[in-house]
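Participant: Same order as they appear, the protein sequences are chains F and L.
All the letters of the first sequence, read from the start, carry residue numbers 15 to 274 under the numbering used here.
All the letters of the second sequence, read from the start, carry residue numbers 142 to 579 under the numbering used here.
The hints are simulated quantities; they were obtained by calculation from the structure and are not laboratory data.
It cannot be assumed that every hint is accurate.
Think about it this way: if two alpha-carbon atoms lie no more than 20 Å apart in a straight line, the pair counts; the simulated EDC-like pairs of lysine to aspartate or glutamate are [claimed, not checked]:
#	chain 1	residue 1	chain 2	residue 2
1	L	K466	F	E144
2	F	K48	L	E579
3	F	K49	L	D433
4	L	K283	F	D248
5	F	K251	F	E222
6	F	K157	F	E229
7	F	K49	L	D572
8	F	K217	F	D248
9	F	K56	F	E229
10	F	K210	L	E560
11	L	K485	L	D433
12	L	K405	F	D100
13	F	K29	F	E71
14	L	K283	F	E216
Derived coverage of chain L by chain F (criterion: at least 3 residues anywhere in the stretch with Cβ under 8 Å from a Cβ of chain F; other residues may be distant) [claimed, not checked]:
#	stretch
15	163-170
16	301-310
17	395-403
18	455-462
19	541-549
20	557-565
21	570-579
Label pairs and their computed distance ranges (CB to CB) [what the hints assert, rightly or not]:
#	chain 1	residue 1	chain 2	residue 2	range
22	F	Q150	L	T271	47 to 57 Å
23	L	Q545	F	Q231	43 to 53 Å
24	F	Q182	L	V212	42 to 52 Å
25	F	E124	L	I223	39 to 49 Å
26	L	T271	F	E229	27 to 37 Å
27	F	E124	L	L186	18 to 28 Å
28	L	I206	F	Q172	47 to 57 Å
Ideal Cβ positions, reconstructed from N, Cα and C, are used throughout, including at glycine.
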Amino acid sequence: MLNVPTLSQLQSEGKKAEIVFWVGCAGSFDDRAKKITKAFVKLLNQTKISFAVLGTEESCTGDPAKRAGNEFLFQMQALQNIATLDAYQVTKIVTTCPHCFNTLKNEYPELGGKYEVIHHTQLLKQLLREDKLTIQGGKYKGKRITYHDPCYLGRANQVYEAPRALIQKLDAELVEMKSCKSKGLCCGAGGAQMFKDAENGEKEVNIERTEQALEVQPDIVAAACPFCNTMMTDGIKNKEQEGKVEVMDIAELIANANDL
Amino acid sequence: MNYIPNLIFLTLLLLGIGIFTRNIKRIRRNISQGKSLDRSDQSGLRWKNMIQVALGQSKMVSRPIAGFLHVIVYIGFILINIEVLEIVLDGLTGEHRIFAPLLGGGYDILIATFEVLAFLVLVAVIFFWTRRNIIKIKRFWKAEMKGWPKLDGDIILYFEVVLMLLFLSMNATDSLLQELDPEHYVKAGSFPISQFLIPLFDGFSADSLLVLERSFWWMHIIGIFIFLNYLYYSKHLHILLAFPNTYFSNLNPKGRFAVDMSIKNEVQMMMDPSFSVPEVEVTPPEKFGASDVFDLNWVQLMNAYSCTECGRCSSVCPANMTGKKLSPRKIMMNTRDRLEEVGKNLNENKGIFENDQKQLLNDYITPEELWACTSCNACVDACPIEIDPLSIIMDMRQYLVMEQSAAPAELNSMMGNIENNGAPWPFSNQDRLQWANE
Numbered sequence: 015m016l017n018v019p020t021l022s023q024l025q026s027e028g029k030k031a032e033i034v035f036w037v038g039c040a041g042s043f044d045d046r047a048k049k050i051t052k053a054f055v056k057l058l059n060q061t062k063i064s065f066a067v068l069g070t071e072e073s074c075t076g077d078p079a080k081r082a083g084n085e086f087l088f089q090m091q092a093l094q095n096i097a098t099l100d101a102y103q104v105t106k107i108v109t110t111c112p113h114c115f116n117t118l119k120n121e122y123p124e125l126g127g128k129y130e131v132i133h134h135t136q137l138l139k140q141l142l143r144e145d146k147l148t149i150q151g152g153k154y155k156g157k158r159i160t161y162h163d164p165c166y167l168g169r170a171n172q173v174y175e176a177p178r179a180l181i182q183k184l185d186a187e188l189v190e191m192k193s194c195k196s197k198g199l200c201c202g203a204g205g206a207q208m209f210k211d212a213e214n215g216e217k218e219v220n221i222e223r224t225e226q227a228l229e230v231q232p233d234i235v236a237a238a239c240p241f242c243n244t245m246m247t248d249g250i251k252n253k254e255q256e257g258k259v260e261v262m263d264i265a266e267l268i269a270n271a272n273d274l
Numbered sequence: 142m143n144y145i146p147n148l149i150f151l152t153l154l155l156l157g158i159g160i161f162t163r164n165i166k167r168i169r170r171n172i173s174q175g176k177s178l179d180r181s182d183q184s185g186l187r188w189k190n191m192i193q194v195a196l197g198q199s200k201m202v203s204r205p206i207a208g209f210l211h212v213i214v215y216i217g218f219i220l221i222n223i224e225v226l227e228i229v230l231d232g233l234t235g236e237h238r239i240f241a242p243l244l245g246g247g248y249d250i251l252i253a254t255f256e257v258l259a260f261l262v263l264v265a266v267i268f269f270w271t272r273r274n275i276i277k278i279k280r281f282w283k284a285e286m287k288g289w290p291k292l293d294g295d296i297i298l299y300f301e302v303v304l305m306l307l308f309l310s311m312n313a314t315d316s317l318l319q320e321l322d323p324e325h326y327v328k329a330g331s332f333p334i335s336q337f338l339i340p341l342f343d344g345f346s347a348d349s350l351l352v353l354e355r356s357f358w359w360m361h362i363i364g365i366f367i368f369l370n371y372l373y374y375s376k377h378l379h380i381l382l383a384f385p386n387t388y389f390s391n392l393n394p395k396g397r398f399a400v401d402m403s404i405k406n407e408v409q410m411m412m413d414p415s416f417s418v419p420e421v422e423v424t425p426p427e428k429f430g431a432s433d434v435f436d437l438n439w440v441q442l443m444n445a446y447s448c449t450e451c452g453r454c455s456s457v458c459p460a461n462m463t464g465k466k467l468s469p470r471k472i473m474m475n476t477r478d479r480l481e482e483v484g485k486n487l488n489e490n491k492g493i494f495e496n497d498q499k500q501l502l503n504d505y506i507t508p509e510e511l512w513a514c515t516s517c518n519a520c521v522d523a524c525p526i527e528i529d530p531l532s533i534i535m536d537m538r539q540y541l542v543m544e545q546s547a548a549p550a551e552l553n554s555m556m557g558n559i560e561n562n563g564a565p566w567p568f569s570n571q572d573r574l575q576w577a578n579e
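Work out the full structure, taking the sequences as your base and the hints as a guide.
Facilitator: Below is the structure:
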């Protein structure tokens, strides 16, 4: 049973949370991404860290609206969310979505929302360093895992090491694709592409990226973004490799390894 | 004494510098058609960035072959300018090899170094030409490279070959004349490369050699004046603009897109009617986003002039590599072409732009290109001089959506969902925590 306190619950009990878990729209509504959300909550529960979610008080950060060109809608979402976060005197936020992460971290401060924002892979790595989290290696020992850098975590915010450090803790073999880290190829979902059909071309972007991933013959494609996860999962299906290659979020890998 | 050559030289020098100055002023004026943007902060970091990226070529070498060859041509270009300084002083004073008596033995080393560099530049340029025209590296043959851009790239290489050959031929004939006519040609310099050209001029009389040497000398320096003024008409402006371009580049995290603070009050009023606008009134812009070069900021316009069309951006663009029409390089080339068109309009109309019924959007860049962007920042990361095509794409999308409501239908429903239920999909916000109980 998951323990998922909301900020309003805690407030009514006169309590506060150390960190707010920003679930994001994908993490809340998308069937595949919900599994990532739950895996991450299981880890949070295991580490006994004090956290809470906003629940029904959370709303889209405005990222897709802004990337689609709607600055007005973005600011409406941002100001509304800032009002909610400030009402609870939130200071620290963790999120499993690099798009939420980027928007909260980089685009909210100018509008008045100043928080410490970290990605879930950064928090997990920190908990590991503080010995609050242990990672059981056994289950993934010797597996070939390739890590797909989400653009909004990697290039946009220079987070390359935390996800890789966690994968290495699984006793797995981390294999890099030909374009990785700052040269990583997009999955095709960013910039609001997730919500529309692609323009005419020769190929879908996620197929190109999936081909790069399959070149290194992985057992698992590790992702750190719910949208990348969807795109890569679709790519693997398209290549009829779903029996052989799994697409998993790093939180799921660790939760699985820890038998949660 | 006969001062005619000195006067001809002075005239050519003034003409060369004069036209160059006029071109630079035009570029400045054209760039200043853009909107203001304050990039005067963090000067320490900006200097450091410029030294590292422009002077130190740090991003060039991420592609080792092209990077290595480029560094050779770049060092050659910078150091050979010392020789150009001597040539200019010789031309003005009527002296020959004016630095020789000043530097003594050091002069031999200097000339030898220039010769070796000239040779290396020649080799590098031949490699460059081969990459473009024989190996036909894909990024040099994309759609936007047809016609002038392709020719421009080759012309620059030919220029460099001709200039280096003239320099070496000048030295070869000079060294022969040092033997035959020591009265006019003092013994100076060491010629490790041009000595191999001597057989070509063997058996020529001192008079013929004199004509040849003078011809090479004049053609070389006139060639340099022409090249200096070719810059404005070519993609080669990067040799100058790479420096301000990296100095004024965006130092924020790449994921942080500009937030338009001028509309914050309006948004707040819309959300809360009781919100009173603060004393300091900020007027919302007359127009959201960009449909023409006037709507872009000056850094974006400088970016356009700085682009040398290497195509590294487009070769890593996920949309471009999967066959979509978007090419970040084309975005920059189009921006420059439109800005040049605006510049010509200004020239013809005494500095006041006359509406030409054209704009950057549609006449140069189509919405189809703009909507293919995933905002992944690969193009920005790939640019060796930190040009930001993505910011232009985003500004133009903003125009399409906020001024023309011209987003693709699916994006309109996505935005409708966000507006109505706070998520890009049609789910009720009341169900946001359902996952915890599933």
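Participant: The structure should be examined with respect to each hint, and the outcome stated for every one.
Facilitator: Consistency of the hints with the structure:
1. L:K466 to F:E144: 49 Å, violated
2. F:K48 to L:E579: OK: K48 (chain F) and E579 (chain L) at ~9 Å, within 20 Å.
3. F:K49 to L:D433: 45 Å, violated
4. L:K283 to F:D248: 29 Å, violated
5. F:K251 to F:E222: 13 Å, holds
6. F:K157 to F:E229: OK: K157 (chain F) and E229 (chain F) at ~15 Å, within 20 Å.
7. F:K49 to L:D572: 16 Å, holds
8. F:K217 to F:D248: 14 Å, holds
9. F:K56 to F:E229: Measuring from Cα to Cα gives roughly 33 Å; hence the hint is violated.
10. F:K210 to L:E560: This hinted pair holds, its Cα atoms lying about 17 Å apart.
11. L:K485 to L:D433: This hinted pair holds, its Cα atoms lying about 15 Å apart.
12. L:K405 to F:D100: Given that 20 Å is the threshold and the Cα spacing comes to 17 Å, the pair holds.
13. F:K29 to F:E71: Distance ~18 Å between K29 (chain F) and E71 (chain F) Cα, so the pair holds.
14. L:K283 to F:E216: The given pair, whose Cα atoms are some 15 Å apart, holds under the 20 Å limit.
15. 163-170: Coverage by chain F is violated here, the residue count being 0 at a Cβ distance below 8 Å.
16. 301-310: violated (count 0)
17. 395-403: holds (count 7)
18. 455-462: holds (count 4)
19. 541-549: As far as the stretch 541-549 of chain L goes, the hint holds, because 5 residues have Cβ atoms under 8 Å from chain F.
20. 557-565: It holds: at least three residues are needed, and the stretch 557-565 of chain L offers 5 whose Cβ sits within less than 8 Å of chain F.
21. 570-579: It holds: at least three residues are needed, and the stretch 570-579 of chain L offers 9 whose Cβ sits within less than 8 Å of chain F.
22. F:Q150 to L:T271: 47 to 57 Å: 55 Å, holds
23. L:Q545 to F:Q231: 43 to 53 Å: 47 Å, holds
24. F:Q182 to L:V212: 42 to 52 Å: Distance hint for Q182 (chain F), V212 (chain L) is violated at roughly 35 Å.
25. F:E124 to L:I223: 39 to 49 Å: Given range 39 to 49 Å: holds, Cβ gap about 48 Å.
26. L:T271 to F:E229: 27 to 37 Å: 29 Å, holds
27. F:E124 to L:L186: 18 to 28 Å: 19 Å, holds
28. L:I206 to F:Q172: 47 to 57 Å: 27 Å, violated
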